[in-house]
Amino acid sequence: MLKLIGILIIVIGFIRKYDTLAVVITAGIATGLVGGMNLMQIFDVIGTSFVKTRYMSLFLLTLPVIGILERYGLREQAANLISSMKKVTAGRVLSIYTLVRLVASALSVRLGGHVQFIRPLINPMAFGAAKNSNPMIGEVEEEVIKGHAAASENYGNFFGQNVFVASAGVLLIVGTLEELGTVVSPLDVAKASVPVAIITFIYSGVSYWRLDQKLSAVKAKSKTVSEKGA
Amino acid sequence: MTMKDMLLEIMYVLCGLVAIITAVYAIKDHEHPSAKITALFWTLLGIVFIFGKYIPGSASGIILVAMALLAATKKVTFGSLKNSDEKFRQEKAKAIQNRLFIPALAIGVVAFLVAQFVPSLGALVGLGFAAVIATVLGVIFTKATASELAYDGSRLLQQVGPSSILPQLLAALGALFTAAGVGEVISGGIGSVITDNSKLLAVIAYCAGMTIFTMIMGNAFAAFAVITAGIGVPFVMSQGADPAIAGALALTAGYCGTLLTPMAANFNIVPAAVLETRNPYRVIIAQAPIALSLWVTHVALMYFLAF
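Protein sequence lines correspond, in order, to chains A and B. Numbering follows my numbering, with no gaps: position 74 of the first sequence is 795. Numbering follows my numbering, with no gaps: position 83 of the second sequence is 106.
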């Protein structure tokens, strides 16, 4: 049981929000020590494994080009594209964003973000579309739309990224399995991630469709109320 | 050394240079709150990337411990490197239009094509080629200068920060867990629950372990190393599951946990604050039905596709 001390250190360290790298290294050293290794052996395992898994950090090579694309308006152009859509409902805005985000992360295009896209663009568009088709929509519905807007970013980001052959997640799977004595290819892991990406889009679409239903139900109810009032 | 290994080694040297250029921009940044510590961190990373193959593993290990200590000071930070201003970006977006997407899309497409059609080189060399091709296309379309490439590369790496090497450190942690025999302890505990060799129970235990551990730690990557060593390999893979399929589904089963936990603050709590919701758990509430249906789907997919 003492060997589980590393897991305990990670759980406590992450909950207390200590620096992640320091927590992971501490957990590793503690685990090695209770497992009967000396410090030099532990350093050797850490260093050897790190050098062997340098391929997990090859994304560093893509940073300069992504940086200049951002400098020359990549995000602005994406925003222009999305906002050129017309006649949409809240649910459809979110479906389209989820699809774009899924495809972008599957192609390793780091285009998205709650701060960059959801707050300035997607949430206002979804709320605007809802309010446009039903002026009675109020604060309660606005709050619900915000939750779904933030969620659309997470669905696309999480479940699309492993479709990319050299994503951090795919390489983590390959690297961890290799350390455990099983060799798999990144391409096979990426292909195995496709069904979940597609299913995520379908499930999120159903959830947004239900959101639209709810928003129009508000419309029907509030109409009768306003008619009685009038 | 094979052609593939040689190309990879060249790419690691290039990665190391990106890290060292980042260090240079940090030290030259006079508004950086902790320029020296930040520069030292990225220099050390550059050294491990460039010389890792030629120095003893224990030396790299000691360098990594030193980097973790630097990160623990919380002074490996982002300085004052800036993106262009909004007006410039809008003008350029109008001028360059959708051609801006081509280099970005080239990264994923080229890497996939190389992985698919040149298996002797594989996805990793493919990513290297893709980065080079995308960079050339990017420079052609934007007419950016070489110094802008270096500047923006360092800007992004400083923004990502020390956590950029977290996946590699977690793999190293997995190696230590294996060396110390942690997997056996967990599998001993699970083994007393899963007594008959039921594939379905093993799959449920793997998916549930990933989700619950991710919810506790707020990080599916950390959970993956632990749960795959403890449950995945000894109970699921050992019964003949395809490791690529089971592994891929296990990680995204972990992401179902990410959708459900306030521990994943970056994804669930911070966005709620950014959107100024009244309920701080608004995002998790929206995600819960999807997360639970996806989780059940993961169990079914792993059971039917991996075996």
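No lab work stands behind these hints: they were computed from the structure. Just to be clear, a hint being listed does not mean it is correct.
DEER-style ranges, computed between Cβ atoms [claimed, not checked]:
hint, chain 1, residue 1, chain 2, residue 2, range
1, B, I163, A, I733, 47 to 53 Å
2, A, Q934, B, N302, 18 to 24 Å
3, A, N853, B, A288, 32 to 38 Å
4, B, Q139, A, G926, 42 to 48 Å
5, B, E32, A, Q934, 53 to 59 Å
6, A, P841, B, F101, 55 to 61 Å
Where a beta carbon is used, it is the ideal one built from N, C-alpha and C, also for glycine.
Status of each hint after checking the structure:
1. I163/B x I733/A: 47 to 53 Å: holds (51 Å)
2. Q934/A x N302/B: 18 to 24 Å: Given range 18 to 24 Å: holds, Cβ gap about 22 Å.
3. N853/A x A288/B: 32 to 38 Å: With a Cβ separation near 33 Å, N853/A and A288/B satisfy 32 to 38 Å, so the hint holds.
4. Q139/B x G926/A: 42 to 48 Å: violated (29 Å)
5. E32/B x Q934/A: 53 to 59 Å: holds (57 Å)
6. P841/A x F101/B: 55 to 61 Å: The hinted range 55 to 61 Å is violated for P841/A and F101/B, with Cβ atoms some 21 Å apart.
Violation of the numbered hints given earlier is confined to hints 4, 6; the remaining hints are satisfied by the structure.
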